[in-house]
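Number of protein chains: 2
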Amino acid sequence: MRSKVYELKKKIKDLETLIDASLVFSSTLDIDALLNIILQKAEELMDAEASSVFRIDEEKNELYFITARGEKGKEVKEIRIPMGKGIVGWVAQHKKPLLVPDVTKDPRWFSGVDKKTKFVTRSILAVPLMVKGRIIGVAEVLNKRGNKKFNEDDLEMYLALANQMAIAIENASLYKELDELFISSIRAIVEAIDAKDPYTKGHSARVVEYALVIGEGIELDKETLKDLELSAVLHDVGKIGIPDRILSKPGLLSEEEYAYMKRHPEFGAEIVEPIKKLKNLVPNILHHHEKYDGTGYPMGLKGDKIPLGARIIAIADSFDAMTSDRPYRPRMDINVALGEIKKNRKTQFDPELADVFVKKYGQQFK
Amino acid sequence: MRSKVYELKKKIKDLETLIDASLVFSSTLDIDALLNIILQKAEELMDAEASSVFRIDEEKNELYFITARGEKGKEVKEIRIPMGKGIVGWVAQHKKPLLVPDVTKDPRWFSGVDKKTKFVTRSILAVPLMVKGRIIGVAEVLNKRGNKKFNEDDLEMYLALANQMAIAIENASLYKELDELFISSIRAIVEAIDAKDPYTKGHSARVVEYALVIGEGIELDKETLKDLELSAVLHDVGKIGIPDRILSKPGLLSEEEYAYMKRHPEFGAEIVEPIKKLKNLVPNILHHHEKYDGTGYPMGLKGDKIPLGARIIAIADSFDAMTSDRPYRPRMDINVALGEIKKNRKTQFDPELADVFVKKYGQQFK
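Residue numbers (the numbering used here), protein chains in the order written: chain A, 1 to 366; chain B, 1 to 366.
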């Protein structure tokens, strides 16, 4: 009777662990954060030396590591395994779990990954990640700690955990896909606006690229970086409101035309303003033509009074303008343009951000 | 000893139920589907006659029913409760659960909802829905079946369930918010394109409205309806590629100008084409100027060879054009325009869809 009670209590503990895990897994829709949580939890709960999650690349019929924790985690990020190959490939193909207490005795064992990672695998527990009958990946834990071997109890626990991992990964992936759809749709429309004028074709995409060089250079957090990206995509959206005869005029603009052209940051802000969730972007769009010394437009803001995103976009925008052909002048050489950015630090540009861009983009370009 | 084992077994059953529920709750990011699942599960697991979920309207400091199942479900969709009022308001304010075995003996009980719904509440179990320490709503079950009363065990179970309900609701809400952000951002940009020409201001938004009248009229499923909405939003996005001098020409277009203007569906398709997840929309955009008798453009498709979405948008688009002012003619009266749609069924428009629009929009307009 005593052992019966002991057994039931162990079962309760396991179930409680699973419930905790399910809450932890559903606590984020950020796929990168989620994968780290999943790998950490799997290692901890399964008492394993390492843990991996493989996704399926349906086009190539391959599995790939999304990420791997454990001591050698960093080295294995890019490993790909053909469907059907090795333990993981077998699990993906058969949609069945596999408990391999000693890999050296299993003919399916493929030692290629160990050679790359210098990790010595002894035992593996691998389970398919299934969502509504569809396989979305494979999860595995390697080497039970304390030189023990994974057993049937471990398998049962890991299978239950896999149900929860699979659904959490699926949800976070759906969220990521929608987010990518959102930004790529806006980019597509903005690119079409840019392409109206052959001289600005691709402009917004390049401004995004340059702005991110600065944003990553000053180590903005993930969320601020995303706002910066979207602000850069949309910085010129107000040009929709500028008539073609001004926008694509082959010669220099008249004073009146120029005055109208200068209203595009306001028009852009007006377009984005009504969207509550994009409120953060409005200042970046509105002020991307301000200058650090206060001589810019529309408000003549000075120094740090100019929002950070707008100061970044100003550099990216000017750099792209200088390095693109114009009807009235050819493009500038990249090093000459970087020199111009440097020369105009403090007057036109935030000096620190200008330095970051010149350094980081200069490195990248070499 | 026997009762100890019995108790442990019951605990195991409860925990297994919770794990099942967590998988069921995370199986969808569609908030409406999720709420139905949650209400049904709560009724079933708590053995309750009815179940509700309230969300918090932070601006108004009120709680509102999102939906309610149970026999009187339909009647209570719109009920709002001020923060702090009644059992539910108390739970929201104190962020604590409340077990009310007999509502007639609790001074917090607010009988207003019963009066509206004609449901007779005897006992209530209400719990706060918390995500990361923040309250996002309140869930309650009403009247334990078989004339029993909810007890402390029920409370414990419902609290555990509430953790999972809360996180699932939060995730589905985040997904919905992103989806709304996606569509509203595209709409905002498209509206700015429409507004370039005062005669087409608001055009795309109205085409969406009319297209949905038809789509709902023929009972398209949720997903197809979403594709239709997005296709309608984007049907004229190709006008970005048409120069202002043609797009906003006050008089009639020359033959050459008209030929160029007629390319806007192709330009639109080209903008959307590269976005994999929007592939479904391309035919609707490309063919929205085809005519049912094959005399339209760009490909002269006939009858059912024209994609359904394009046939719907063609009607919506023409109706808006007729009922909007043009530089060369004033807008048509709505009934006259509906008559035109009817007259051109079979030649210009899919006859069945035309009939649906004339009937449904006619009703709505009266």
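Hint data in this document are derived by calculation from the structure and do not stem from the laboratory.
Just so you know, these numbers come straight off a predicted model, no measurement behind them.
Among the hints, a few may not be true.
The list treats identical chains as one, so a pair stands whether inside a single copy or across any two.
To be verified - Straight-line C-alpha distance at most 27 Å; calculated DSS-like pairs for lysine-lysine: (1) Lys132 x Lys149; (2) Lys360 x Lys144; (3) Lys144 x Lys11; (4) Lys196 x Lys249; (5) Lys9 x Lys343; (6) Lys85 x Lys116; (7) Lys249 x Lys132; (8) Lys149 x Lys85; (9) Lys201 x Lys276; (10) Lys222 x Lys277; (11) Lys276 x Lys132; (12) Lys41 x Lys11; (13) Lys249 x Lys201; (14) Lys95 x Lys132; (15) Lys262 x Lys144; (16) Lys11 x Lys343.
*At 27 Å max between alpha carbons, let me know whether Lys196 reaches Lys249 within a copy, between copies, both or neither.*
The answer is both: 12 Å in one copy and 18 Å across copies each meet 27 Å.
_My question is about Lys144 and Lys11: at a cut-off of 27 Å on alpha-carbon distance, are they close within one copy, between copies, both, or neither?_
Within one copy only: 20 Å inside, 29 Å across.
*Up to 27 Å CA-CA - Lys132 versus Lys276, copy category*: between (35 Å within a copy, 23 Å between copies)
*Is it within, between, both or neither when you check Lys360 against Lys144 at 27 Å Cα-Cα?*
Cα proximity of Lys360 and Lys144: none, with 44 Å in one copy and 66 Å across.
*State whether the alpha carbon distance between Lys222 and Lys277 is at most 27 Å within one copy, between copies, both, or neither.*
both (17 Å within a copy, 24 Å between copies)
*Should Lys249 paired with Lys132 be assigned to within, between, both, or neither, using CA atoms and 27 Å as the limit?*
neither (57 Å within a copy, 55 Å between copies)
*Can you tell me if Lys9 and Lys343 fall within 27 Å by alpha carbon in one copy, between copies, both or neither?*
The answer is neither: 72 Å in one copy and 77 Å across copies each exceed 27 Å.
_Status of Lys343 relative to Lys11 across identical chains (alpha carbons, at most 27 Å)_ = Answer is neither: 70 Å inside a copy and 73 Å across each miss the 27 Å cutoff.
*Is the C-alpha distance from Lys132 to Lys149 at most 27 Å within one copy, between copies, in both cases, or in neither?*
neither (31 Å within a copy, 37 Å between copies)
*asked:* As a check of your reading, is Lys85 near Lys116 (CA-CA no more than 27 Å) within one copy, between copies, both or neither?
replied: within (16 Å within a copy, 64 Å between copies)
*For Lys41 vs Lys11, is the C-alpha pair at or below 27 Å within one copy, between two copies, both, or neither?*
both (18 Å within a copy, 24 Å between copies)
*Is it within, between, both, or neither for Lys201 and Lys276, if the alpha carbons may be no more than 27 Å apart?*
between (29 Å within a copy, 22 Å between copies)
Of the numbered hints listed earlier, those contradicted by the structure are 1, 2, 5, 7, 15 and 16.
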